[in-house]
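With the hints as extra help, turn the sequences into a complete structure.
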Amino acid sequence: KNEVEQSPQNLTAQEGEFITINCSYSVGISALHWLQQHPGGGIVSLFMLSSGKKKHGRLIATINIQEKHSSLHITASHPRDSAVYICAVQETSGSRLTFGEGTQLTVNP
Amino acid sequence: GAVVSQHPSWVICKSGTSVKIECRSLDFQATTMFWYRQFPKQSLMLMATSNEGSKATYEQGVEKDKFLINHASLTLSTLTVTSAHPEDSSFYICSALAAANTGELFFGEGSRLTVL
Numbered sequence: 001k002n003e004v005e006q007s008p009q010n011l012t013a014q015e016g017e018f019i020t021i022n023c024s025y026s027v028g029i030s031a032l033h034w035l036q037q038h039p040g041g042g043i044v045s046l047f048m049l050s051s052g053k054k055k056h057g058r059l060i061a062t063i064n065i066q067e068k069h070s071s072l073h074i075t076a077s078h079p080r081d082s083a084v085y086i087c088a089v090q091e092t093s094g095s096r097l098t099f100g101e102g103t104q105l106t107v108n109p
Numbered sequence: 001g002a003v004v005s006q007h008p009s010w011v012i013c014k015s016g017t018s019v020k021i022e023c024r025s026l027d028f029q030a031t032t033m034f035w036y037r038q039f040p041k042q043s044l045m046l047m048a049t050s051n052e053g054s055k056a057t058y059e060q061g062v063e064k065d066k067f068l069i070n071h072a073s074l075t076l077s078t079l080t081v082t083s084a085h086p087e088d089s090s091f092y093i094c095s096a097l098a099a100a101n102t103g104e105l106f107f108g109e110g111s112r113l114t115v116l
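Chains A and B, in that order, give the protein sequences.
FYI, the numbering for the first sequence is 1 to 109, going by this note's numbering.
FYI, the numbering for the second sequence is 1 to 116, going by this note's numbering.
Treat the hints with care, as some may be off.
[What the hints assert, rightly or not] Here chain A is said to cover these stretches of chain B; the calculated rule only asks that three of the stretch's residues, wherever they fall, bring their Cβ under 8 Å from a Cβ of chain A:
(1) 33-44
(2) 90-98
(3) 106-115
Don't read these hints as lab results, they were simulated from the structure.
What you are looking at is a predicted structure, and each value in this text was computed from that prediction instead of being measured.
Just so it is clear, CB atoms sit at the ideal spot from N, CA and C, and this is done for glycine as well.
Structure follows, in structure tokens:
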């Protein structure tokens, strides 16, 4: 069993739909990161969370430390949101990250 | 926001040659940088942790003599793939931890290596 599991692996949505990507982890963490990777490969850090909820534009990230679960929500999805979304946890023992497998999101116009 | 620059963004080399990839933090100091490797359709795998002024810490299974890491300053870490072989073809990405220890990580754009 992976230490970080994401679901779904693939997600196809229509423009405007509300999207949720889930991340569960099994280790103790100091922070959880949501990352976005576009087809070219470059990675953008979307959120770093240690508790509660953060919002940036149409993106919302939540984390429940007790349940070891985080969700990334995209409101009013757009084709430009199409990318791979990766959950990564920063273990309490240091700065290294453990990555989930990623969720491939495709938003159709 | 903070920027991490990787260079080159892509490189093609012959088998047996060495390739150096640079990772620079452009507007902040990074005491720690990380090097990752990503094969197609797979997630990132941590190769090593690079600390300024000291030897890198390599993950299990990563050959330190093959993947040489140097972190000579607070803004630059380099990864050298020595005697590259086709199986080293991959996407290499670095990330930098801001020295202010906010825990924020900033990622480079990645470097795609193809070994012929």
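Hints violated by the structure (listed by number, smallest first): Of the numbered hints, all hold.
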